[in-house]
Structure formats: structure tokens, C-alpha cells
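Chain by chain, the residues run as shown.
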Amino acid sequence: MDESTRKATRHWTLAQPIVSAFVTSVVRDFTARDDVLQEIAVAVIESFDRYDPERPFIGWALGIAQNQVGLYFRRVRRDRLVFDEQTMANLATAFSSLSADQSTKLDHLRDCLQGLEGRAKQLCELRYQRDQKPAAIASSVGMSANSVAKALQRIRGQLRECIDRKSAVEGAS
Amino acid sequence: MATDPRQLISGYCDESLTSDEERQLIDWINESQEHAQEFAKALLLHDRLRSEVGAMAATSQMAVPTPASLNSTRWNRWSRSLTGLVSAAVAAAIAFVVIWKGIGESPASAAIVELNRIIAASAQSFDRTFRIEVEGGGQEKQSAKRPRPTERGRPPKPPMNGAILHIRDGRQFVLVRTEFDGRPFVTGSNGKTSWAVRPDGPVRSSTDLKRFSHDLPGHEHSIPLFNIQEGLEGLLEAYNVTLQTFEGHRDARSSDGDPVQMIIADRKSKSYRGPSRVEIRYALQSGHIQQMRFVDMPYDKEPRLTLTMKLVEEQKLGPDFFDHDAHHAPDRRVEVE
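Residue numbers (the working numbering), protein chains in the order written: chain A, 1 to 173; chain R, 174 to 510.
Hints in this document: simulated from the structure, not taken from any laboratory. Any given hint could be a false lead.
[Stated by the list, open to error] Only pairs whose alpha carbons sit at most 35 Å apart, straight line, appear in this in silico DSBU-like list of lysine-lysine:
(1) K166(A) to K214(R)
(2) K214(R) to K121(A)
(3) K150(A) to K441(R)
(4) K133(A) to K483(R)
Just so you know, these numbers come straight off a predicted model, no measurement behind them.
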């Protein structure tokens, strides 16, 4: 591996969580998201010699991500892009402005997930492990789709609070 | 009634929003950078949840038996750390690229990436001039010697070989061909009207933008020569693309001295009417196309032809260049169809 590729891989490893979240925000199918993310990784490594080190890497990588997402939606017409170009650009800016802290804080997520119990744990597993939507989850757990959607919102809120709490404790110590 | 933004974001994550709610969410995101950041933070968590829950299930820290999943033991056995899976896949892709880079040729995915870069470079707004060369002569050669009227008694098409094609932003073009007697025959479009300036007779103009683009090969399928961007995007669907480098070839340089690379696109299926192969030479640094070769390209009712478009120059051609007025004397009569 040459020095340039080593540098590119290092940059990419740090940027990947943010780029991955950006892709997830527009390509909502998890499997398709993985494919697009791979294509972005290839593009980043391939074109790393055109990256200007004076500028933030994350912004550059998100530019490539936008191109790849655009290509994906042109190629796979069965999927639907909810956001228009302007919104995509605003989101890319928003993702690029997230501090590294935001991503690091999420390292507490596993601990917080271990605190989930009963129905909350079950819903989380069905949504994120099995990639089921509220309507499908509803039929397997005997709830209405609306109740599942609200419960998922509540669970994510609880997890967010848990992460913030743990981060604050860590910051204070 | 306006919905709580947090509910909209959550609904978006779970793909349960109505189109009206999606509209509300888009408006909310675009209202301020703070809103966009709030959305981004929520999606960061949503994205990480998928990785973490998958990873924990793999180590049995999370998997929950449900009535519907009592028979899911096998599934769980196969479930893996999604973080690991995605990272491994991305790492494998990177390794693949690194290895291929080492031997001077790239895999299809890298070719697609490069094609994407060329598409982006083609979208830049400067004017380009190409010279068209038809290989082998074929029907063109015959026609040049002995022009024959077409079935409807129309005069034969002027030869495409040696034609000059000016293009701007994928909608405007000027095609200058030379009649058999040496006089120019110019067709074009300024994006609002299309037009034809014959050597004699009235200038013809139409609001049907395709009216005078039929003489340009490529209109029969999705690779119109005057809209390079659209043509390249068409390649992504119907062609297998590979990348060819010219390392060590000193003459493989663009007019700016940049190294040149080539993308080769081979048609996937004969059921697609486009050329059987498209070869695109482009400057490695800028992504600007230097030459495009279309093999066995359909051309109206003529036999298929193989032609090459060679870049002559990239420069601004003036605001009126794509209007017909710029290509004939002011006293010529204009017929609007």
C-alpha cells in the first residue's frame, strides 16, 4: 500500500460514520445504502490525489457521496429520492458541520442499548436487525402501526438522552 | 396542521411519512441550518443503531425471541456484525482498488466512478468543438462519389465525415457539414428552437427541438452526440464499463499535457439499439473528454457506422453562436415551421 492510499484510508476511516449517516438519510434501504457506501469508498480512494489537503476531508468526501447518491437514483429507478437537490446540498453541509464529537458520543450507544428491556428491546431489534417497517412490526407484535411508530420515536429519544447523559458524565470526569 | 418536527424525522427514518408530511419535513430542513443539523444528528443515531443492533445480535446481547421469530435461530446464526460486515465490505473494496491500481487497470466499479467524474466534468458550462470522423467511408464514401436522392426524393444527407460539431450545455449545438459540392450545410439548436441553414433556399426554423437534430447520429437511442452528459448517463444502464490506462505511453496525453485514460463501454445486450461499443478518452486530471469513438452506431436508415468525435477546442463561442442568425447572411428568408 503506498503512502497516498494509506492517508486516504486513514481519512476515510474517520469520515465514514458521517458519510454513512448522510447516505442513510437519502438512501433509506439499508442494503442499497451499503452498496452505495462501498462505491463512495472506492471513489474516495481512487480520486484521493485530487483532494486538496488544505480543505476539510469530510466536505470533499460528502461531495463524492452526493455524486454517488445521484448516480444510484438514476440507475435504480424503483427507489425514490425524497429530497430535491437543494435539500441534499443543505444536508451535506449540515453533516459536514457535525463535529467529530457527535460521532464519538455515539460510542455510548451500545451501553444504552443494553439498558433497553422488554417491548422496547424487541421493537428495536425488529426495526434495526430485521429492517422491518412499523407496519410489518405491528403485525408481528400485535400493536397498531401508529403505536409502533410512536414507540420507536420514544425509544430513539430515550437512547439520545442516555448517550448525552453518559457523555456529560465522561466529560465531567 | 403542522406536525412536530421530531415526529417527522422519526417517521422519515421509518419510512412512514405521507407525501404531505415529507413536504413539511423538507420545508423544515430548509428553514435553517440548525434544523438541517438536527436532522443530521438524528440520522447519525439512526444509522449507528442499525450497525450496533446488528453487532449486538451477533454476540447475543440483543437478539430477542418473539412469537414470529421462534424459528429464527438459523437467521440469528447467520446474522453478523453489520458494522463489521459493512466495514469489511468497504475495506475489501478499497483493497481491490489498491490491488488493481498496482497493475494499471481498474475494476468496473472504478470505471463507473471515473465515468461519473466525466459526467460531472461534462456538465461544466463551457463550449466544446469536436471534429467527426467516420471510419471506413462505407455508405458515406459511396454517397460522396455518387449522391443519390432518398426514397422521398429528398437530396442525400451531406456527409458526416469531417463535420464539425459545436456543443453547449447539452441542449445547444451547431453541426457544420460540407455538401458534396463543398458548400456548408449547417443545422443546430439554441435550446429554444432548432434550425437548418441549407446552402440555398430559405432558412428553416422550428420550435420542435428534434426537428433538425435527426441528421446527428445518436438520436435513435439514448446517446445523442450533442448531449454528452445524457449520453454518458445512458452508458451506465446499458453498458459494461471498464477502465484502461496508458501508463508508460508518452503520446497518451491531452492537449494540456495531462495523461489520458480511456473508458470502454461494451453494450450488454443486442436488444439495445445503441452502438456496440463506446470508447472515451479523457484527461486524467480534469476529466475532460478528448475523444469519443462509437462503434457500429445506428444512423437513421443508413448502415451502422463507426465514428470518432475528436475534441478540437474548448472555448466560449459567444452568446448568439447557437442562433441560426449567426450562420447566414442577414437577408436570408426564414421559414418558421
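Which of the stated hints cannot be reconciled with the structure, identified by number in ascending sequence? Going through the list in order, the structure violates hints 3, 4 and respects the others.
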